[in-house]
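Can you build the whole structure from these sequences, using the hints too?
Offset between the sequence shown (1-based) and this note's numbering: plus 1468.
By construction, these hints were calculated from the structure, which means they are not laboratory data.
Every residue, glycine too, gets a C-beta built ideally from N, C-alpha and C.
Among these hints, one or two may not hold up.
For each label pair, taking beta carbons as the anchor points, the in silico distance ranges come out as [unchecked claim]: (1) 1481 / 1511: 16 to 24 Å; (2) 1662 / 1767: 28 to 36 Å; (3) 1685 / 1582: 13 to 21 Å; (4) 1545 / 1586: 24 to 32 Å; (5) 1756 / 1582: 21 to 29 Å; (6) 1590 / 1565: 17 to 25 Å.
Listed below are the simulated SDA-like cross-link pairs for lysine to any residue, each with C-alpha atoms no more than 25 Å apart in a straight line [as the list claims (entries may be wrong)]: (7) 1677 / 1484; (8) 1513 / 1746; (9) 1677 / 1506; (10) 1555 / 1479; (11) 1513 / 1501; (12) 1665 / 1589; (13) 1691 / 1658; (14) 1575 / 1553; (15) 1691 / 1513; (16) 1549 / 1575; (17) 1628 / 1501; (18) 1665 / 1653; (19) 1597 / 1549; (20) 1665 / 1731.
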Amino acid sequence: MATEHFDFYVLEISSFQLDDIRDFRPDIAIITNITPDHLDRYDHKMENYVNAKFNITRNLREDDCFIFDSDDEITVGHLSKIVLRCKMLPFSQEKELEQGAFIRENKMIVRVDEEETDVFLESLALGGKHNVYNSMAAALAAKATGIESDVIRNSLATFKPIEHRLEPVLSIKDVLYINDSKATNVDSAWYALECQKRPVVWILGGTDKGNDYSVLNDLVREKVKGIICLGVDNRKIHEAFGGMVSRMEDALSAREAVQKAAAMADAGDVVLLSPCCASFDLFKNYEDRGEQFKAAVRNL
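In structure tokens form, the structure reads like this:
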């Protein structure tokens, strides 16, 4: 790859990769939030997972930036245990900040040094509370690199979601099918459910990674009318949500899951694939799961 053709590279680094870094040093490091994930890899100890994520800050220097969610208790709690020399740029939906990004009335305010950019929340291309957080992190990174405010506003207004992440597939008989196969942990599924405005038939399941489903209870009671368990072993899901929804069925293929969800859904509903789990019991990876889901929807 010819690096001289690009001013910046944007990398998504997993905790697995961060486990073993020595010299890796980004100019701008971002931790969007930290919630339980991959605990089977980290001896089921949240502290080990948090330490791995924070390795991204290990080599930051004074002229580098660290962008983080100051509403996330786990992130803020770990910050108190370490010393960072870099520039700190937090973002929050709960409080105003001297430096960073925050909400004022109906606008997102992005403040870096003496520069301030405002973006109307209603202009953001992606809805949901989690996407406001993501937009804040992206806007801060852009502002820290000197990108002009008009470019930031236009980019946030025209951004298109990536494949397999809250990806609308088709609307059939006024039932919207959404592919969120990339949601392989509880936190991602929480955000997917939180932003739904219509009754949900929820498809979830797969290889459990030590999930605690209890954090989803309120959203399931409020938004979910039925559940399709797509996995080899669905006992934990049945135990978690069996008493909260009137209908729950099992499926061993994307096709079977989509057909059962379609039978369960009424006009005006959403069928949401947001699995909470890894895909390796029935699929090659989350992309394969998403592609099979979309193919099954198109074949209804």
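Residue 1590 versus residue 1565 beta-carbon gap, inside 17 to 25 Å or not: Given range 17 to 25 Å: holds, Cβ gap about 22 Å.
Range hint compliance [Cβ, residue 1481 to residue 1511, 16 to 24 Å]: With Cβ atoms ~21 Å apart, the hint holds.
Given pair status - residue 1746, residue 1513, alpha carbons within 25 Å: holds (19 Å)
Pair hint residue 1549 and residue 1575, alpha-carbon separation not exceeding 25 Å: violated (33 Å)
Hint check for residue 1767 and residue 1662 - Cβ pair distance inside 28 to 36 Å: Given about 30 Å between the Cβ atoms, the range holds.
Straight-line alpha-carbon gap residue 1555 to residue 1479, limit 25 Å: holds (20 Å)
Satisfaction of hint between residue 1658 and residue 1691, Cα-Cα up to 25 Å: Answer holds: residue 1691 to residue 1658 is near 11 Å, not above 25 Å.
Agreement of residue 1665 and residue 1653 with the hint, judged by alpha carbon distance not exceeding 25 Å: Holds - the C-alpha atoms of residue 1653 and residue 1665 are around 21 Å apart, at most 25 Å.
Residue 1628 paired with residue 1501 [C-alpha distance capped at 25 Å]: With a Cα-Cα distance of about 22 Å, the restraint between residue 1628 and residue 1501 holds, given a limit of 25 Å.
Agreement of residue 1513 and residue 1501 with the hint, judged by alpha carbon distance not exceeding 25 Å: OK: residue 1513 and residue 1501 at ~17 Å, within 25 Å.
CB-CB spacing for residue 1586 and residue 1545 relative to the 24 to 32 Å hint: holds (30 Å)
Straight-line alpha-carbon gap residue 1575 to residue 1553, limit 25 Å: Given that 25 Å is the threshold and the Cα spacing comes to 31 Å, the pair is violated.
Comparing the model with each numbered hint stated earlier shows that hints 3, 5, 14, 15, 16, 19 do not hold.
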